[in-house]
Amino acid sequence: MKRTHIIILIGIVALIVGLLVFSVDFSTYDTINSAKNKQGKFVHLIAKLDKSEPITYDPIKNPNYLSFYAIDSLGGKTKVIYHNSKPGDLEKSERIVLKGKMEVDHFDCQDILLKCPSKYKDDKKMLEKEMEDQTTKN
Amino acid sequence: MIKFEGEHLLPGQIGHFFIILALVSSLISLISYGVASTKADLAQKNDWQRFGKINFIIHFLSIIAVFSIIFFICYNHYFEYMYAYKHASKELESKFLLSCIWEGQEGSFLLWSIWHAVLGTFVIFNKKEAHHTIWKAPIMSVISLAQLFLMFMILGIYFFDVRIGNSPFTLTRNEIIAPIFSQPNYLTFIKDGMGLNVLLRNYWMVIHPPILFLGFASTIIPFGFAYAGLQTKRFGEWVKPAMPWALMSACVLGVGIMMGGKWAYESLSFGGYWAWDPVENASLVPWLILIAGIHTMLIFNATGRSLRASYLFAMLTFIFVLYSTFLTRTGILGDTSVHAFTEAGKAINIMIGLYVLSFAVPIFILFFKHYKKIPAIHTEEETSSREFYMFIGSLLLFLSALFIILITSIPVYSKTPLLKDLIIRIHKGPLAMPQDAEFLYNKVMIMVSIFIGFLTAITQYLKYKNTSRNYLISKIKFPIIVSIAMATLIFIFYPIHFNKHGIGFLVAIYIALFSSIYAAISNIMYISLVLKNNLKPAGASIAHFGFALMIIGMLISSSNKTVISDSKVNGINVPIGKDPMSKKEEDPTENLTLIREVPTKMGDYQVSYIKDSSGHEKGRNFYLLNFEKKDKTTSKVEERFVLQPDVYMMKDNNMSSNPDTKSYLTKDIFTYISFALGKENKEDTTQFKIIEIGEGEKSYYSNGYFELKKVEKNPANSKYKFGENDIALQAEIQFVSKDSMHFDAYPMIIADSLGILQIDDTVYAQNLFVKFAGVSENHKIKIGIKESDQLIDFVTVKSYVFPYINLVWLGLIIMAMGLLMSSVYRAKFSNRLSGLILLMAFIGLFYMFLLAN
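Just so you know, the sequences run in chain order L and R. All residue numbers for the first sequence refer to our numbering, where the first residue is 6 and numbers rise by one. All residue numbers for the second sequence refer to our numbering, where the first residue is 980 and numbers rise by one.
Next up, chain L with everything else stripped away, as it sits in the complex (with noise of 0.2 Å):
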């Protein structure tokens, strides 16, 4: 390589990790517990519908609200207000990654990934779960 590449390959490359350094704050994976410790920071929480608590929603009134209970493995349980439409499969997910921040009393959601298991036939124990449904029920 020659000398004028390397210069203005540094400066690119400078350039690049100048912009990086300067404004990403990359997001951590928290539970919910240790998301309660870091309000108003945007984390990422993988959790788990809370089934036994009521999902409101209610697009009539308005269409961009939607609040339901997050709960997961170590204990930890939240109310989660998301400015959307509910997503689809939501009651089904098994596991939902949801992103934001915690706020005082809720957890105030920005992005919300799915996991369902009809999405994700790879897995035995749904297919076992999809196998047992459906030849009970007939």
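No lab work stands behind these hints, which were simulated from the structure alone. Possibly wrong hints are sitting among the right ones.
Claimed, not checked - Residues of chain L placed beyond 10 Å of chain R at every Cβ, according to the derived structure:
hint	residue
1	L54
2	Y74
3	L79
Claimed, not checked - Stretch by stretch, here's where chain R covers chain L in the computed footprint (C-beta under 8 Å, at least three residues):
hint	stretch
4	31 to 44
5	47 to 53
6	59 to 65
7	84 to 93
Just so we're clear, the structure is a prediction, and the values are computed from it rather than from any experiment. A virtual CB, placed ideally from N, CA and C, is assigned to each residue, including glycine.
Starting from the known structure of chain L, arrange chain R on it as the hints suggest.
What follows is chain R alone, placed relative to chain L:
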């Protein structure tokens, strides 16, 4: 042992045999070609090559057989096979049968190996002298090795306790533990398979995977040539014959990636064609490196420089294809991507890891061993030479690819032993993507696109070695004047409104837009200014023009995309239930609820949800949305169209949404259902209340009064045509609610030979169902009124306007055609063959991207 009834075990056994045959023949082919490539003696070499050829053909036929048997099993719904149970179902339309096959890991591995085999066959039957004696053996050994690994992935044989690969012919009863499998007649209980994921029931899912996999598979050829260069120590000779392959690969891979984008745009509710999802990124990265490689290879052909870089890029392209396999198929992206595969078991993950490493490690060892011997020119190139700027451009593409893959690999870091702990210590928790992940990519890539735009605009006008200043200025002054004029016009008449990330980013968008316009104009003018309208060598200019056009389309359609279903600008949906704690101004309110038959303002349109209707497939429901645009002063309807977005309602009220788009030349109106009621919610138990009423009389309902205006016999309307002998009565009733809104209803009663038919009408806004129940003794009319306390019928929609999105597709087609033109030009095909290939490709692409759907 239970004797199971009704199973068809023979196809599976035959299929399994062919998998083993394919595996063994690829192994023998690997050995034969491996040995052949070490033989200097031509007679010996030919013997080994002939043996390799026979084996490779056996291998090819075997995988075709395996594929056909899987198809047969899915087609016949043999649910005793796991693959059919998991991916097929009886209600599935037969056009999606192929999609079933590549929905699963096994099927997509098979698809990949079929393309390798097809390409391998082209390599085998290439009759050119140099090709036969030098390149064939090493390239075929690379392909055979890849095939060997792919066959292991679908082998499904136990070595001690570990199962190597997952066979597509495993039996359901061996894979799933459930009580029914203890009964001999278990198959009678399995009524249907799980079927194809509804998201994949789209015609793009029939065509996108094969094209993308052809793109992936074709990157093995430049890799094979690079290996052949090192193996034969003919370090520079491979570049020329590899060139047409590399160009073809860039064309197919580029098209394959964007087909995925078109699918996402048309059938997913992501609201766009690109979301910087890890799976998308993983396929983009090899393409970027391949493009970088094509440019360094061109430099080498013209000047003898950049050979080492060409090696590196040709190698890395395929290695990153393998790496993307690793990312998408090992389940490592599970928490970050919406469409990665889930983990298919530790054994298969190790196999995939081995596959990546068996290519990456040896080729790099070989590369560094011979690094010093690879010819290089040690003087500096002139800064006025074409090769200098081409090299800078290649480096930039390569660095941007590295940047994308470094960010995309974040989930990998958190699973790498030591690194994981280090991250947790520094970052105070496992690393996750930032709040606005898209912006992280966009702000870097917009810088890249600015530089790439200027480089593509100017570099073609430079000559190799060096260029005189006067020549350059005389050639580029015209394009630059035209570009400045055009850009100015756009900035004045069609400004960008994208303030989400501040003025700095907006300026960057403007600069990128200018540089892309400049690139487009400069390249199209190059054809007349320099090439004197000779189109044969114009492939590069056309590809650059297409690329620039695509970037222009991306910049405009993304920056000026508007949400028209914004409930804030709408009078009807006042957000009542908002949470005072968290409701902030900048919260997205992109969903709008449309109550049936109540026109609602959306952007320039009055939109009404007319009705829903079911489709062919189980659970699929279409929603008829009527869009009307009225003239502001005369309120005459200027324009009217109907969109029918649809939803798959699955059990438990889960839904999956498919958008519908109204396409204009200059914009798309993209609408999808973000929430809809399940069928069971609509069932109504309230009874009709019968009221006897005469013409002109009034009566009351809970929210106001109504008047029977008149009763008409055999009314003339567009829906029904009545003859002389028909007896049909239509009542015209006007409802006036307490807030003095007027609603009309027209219930009907028709008596014919078949009996009496009542056609009810509805006033959704008042939750009313109105029935013409009959005529009473005293010539009064019996009107049935039902006031439903059930939820009123509605849908919640999201609607966007994407301006100038057709530029993206058009640019892509032009770019692909340019790449293909260069490819056939360099492959020295006859004029007739070249013309035929180009024509077919153009018709196919144009139809798929701009006409279909």
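Taking the hints in turn, this is what the structure says about them:
1. L54: Holds: least Cβ distance 12 Å, greater than 10 Å.
2. Y74: Holds, since 15 Å exceeds 10 Å.
3. L79: holds (14 Å)
4. 31 to 44: Satisfied; 6 residues make the cut.
5. 47 to 53: Contact hint for the stretch 47 to 53 of chain L vs chain R: holds, 4 residues under 8 Å.
6. 59 to 65: That given contact holds, which follows from 4 residues of the stretch 59 to 65 of chain L lying within Cβ reach (below 8 Å) of chain R.
7. 84 to 93: holds (count 6)
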